[in-house]
Amino acid sequence: MIPVMIVEDELIVAMELENFINSKSEYKLVARVNNIDDALYCALEYKPQVILMDINIKGKKDGITSASLIGEKINTTFIYLTAYCDENTVNRALKTSPVSYLLKPFNREELYVALKLASNTYHNLYENCSKVGDILLDKEFSFDSVNKQLILNGEFIHLTKREKELLNLLIKSKNSVVSIYDMENEIWPDKLPNENTRRTLVCRLRIKLNNKFIETIPAIGYRINI
Numbered sequence: 220m221i222p223v224m225i226v227e228d229e230l231i232v233a234m235e236l237e238n239f240i241n242s243k244s245e246y247k248l249v250a251r252v253n254n255i256d257d258a259l260y261c262a263l264e265y266k267p268q269v270i271l272m273d274i275n276i277k278g279k280k281d282g283i284t285s286a287s288l289i290g291e292k293i294n295t296t297f298i299y300l301t302a303y304c305d306e307n308t309v310n311r312a313l314k315t316s317p318v319s320y321l322l323k324p325f326n327r328e329e330l331y332v333a334l335k336l337a338s339n340t341y342h343n344l345y346e347n348c349s350k351v352g353d354i355l356l357d358k359e360f361s362f363d364s365v366n367k368q369l370i371l372n373g374e375f376i377h378l379t380k381r382e383k384e385l386l387n388l389l390i391k392s393k394n395s396v397v398s399i400y401d402m403e404n405e406i407w408p409d410k411l412p413n414e415n416t417r418r419t420l421v422c423r424l425r426i427k428l429n430n431k432f433i434e435t436i437p438a439i440g441y442r443i444n445i
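Take the position in the sequence shown, starting the count at 1, then add 219; the result is the number in the working numbering.
Okay, derived cross-link-like pairs now, PhoX-like style, lysine-lysine, Cα gap no bigger than 25 Å in a straight line: (1) K277 with K314; (2) K431 with K391; (3) K393 with K383; (4) K247 with K335; (5) K314 with K292; (6) K380 with K266; (7) K350 with K391; (8) K350 with K431; (9) K383 with K427; (10) K335 with K323; (11) K335 with K292; (12) K292 with K367; (13) K266 with K292; (14) K391 with K314; (15) K410 with K314.
What follows is a set of in silico ranges between Cβ atoms, one per label pair, in the way DEER data are often shown: (16) L322 with N366: 27 to 37 Å; (17) F325 with Y400: 38 to 48 Å; (18) Y400 with D228: 37 to 47 Å; (19) N444 with V309: 37 to 47 Å; (20) R381 with N444: 18 to 28 Å; (21) D228 with S395: 46 to 56 Å; (22) N238 with E374: 35 to 45 Å; (23) C304 with E359: 44 to 54 Å; (24) K335 with Y400: 40 to 50 Å; (25) E291 with L322: 20 to 30 Å; (26) N241 with E291: 26 to 36 Å; (27) K380 with E346: 11 to 21 Å.
Since the hints were made in silico from the structure, they are not lab data. Positions of the beta carbon are idealized from the N, C-alpha and C atoms, including for glycine.
Using the sequences and the accompanying hints, generate a full structural model.
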């Protein structure tokens, strides 16, 4: 069964979603929460493959920001639920690559199609990919450039969104230097990071690559040698 989590603070909507999921034998509800703190905790605890996320959930962070945070920690898919479809909200939501965007009130047929799309997307991205990527780094590591997946000895290594962006950038320029300027503008286009943020990201990626491949070119940038 496909594990699903509901993040919704309207009780009636949440109950309708729960009843629908429970009526479908292919899905299993692993958590139903009404706030962002519980959503973050349950996502890490249960690792749902599909998350039904209310955009305007109560709290300091809205559903879009929370989806971005969750997506950096686990492999999952998002279906947004909202009563709003203004351009700014839609553009923010699209940056997190949701599978569907359902406007309230939605019907059961729309919900079922969205769930099928989400589960199929999860399967294609995280379960049905080749266990050897199209770019070989060495005998152990490879990279699936289509789905931005790092693979070690046939097993997927979880990367955060920015780790994926950095690795993809380095691999596209393999054996050539990527300048600090180009790296920062590619990964943080809206707000340039400080030096510590940049170095921390590189360090995290190095650890996941078992300290192989990435070379620092002092005061200039980085190069991946493969």
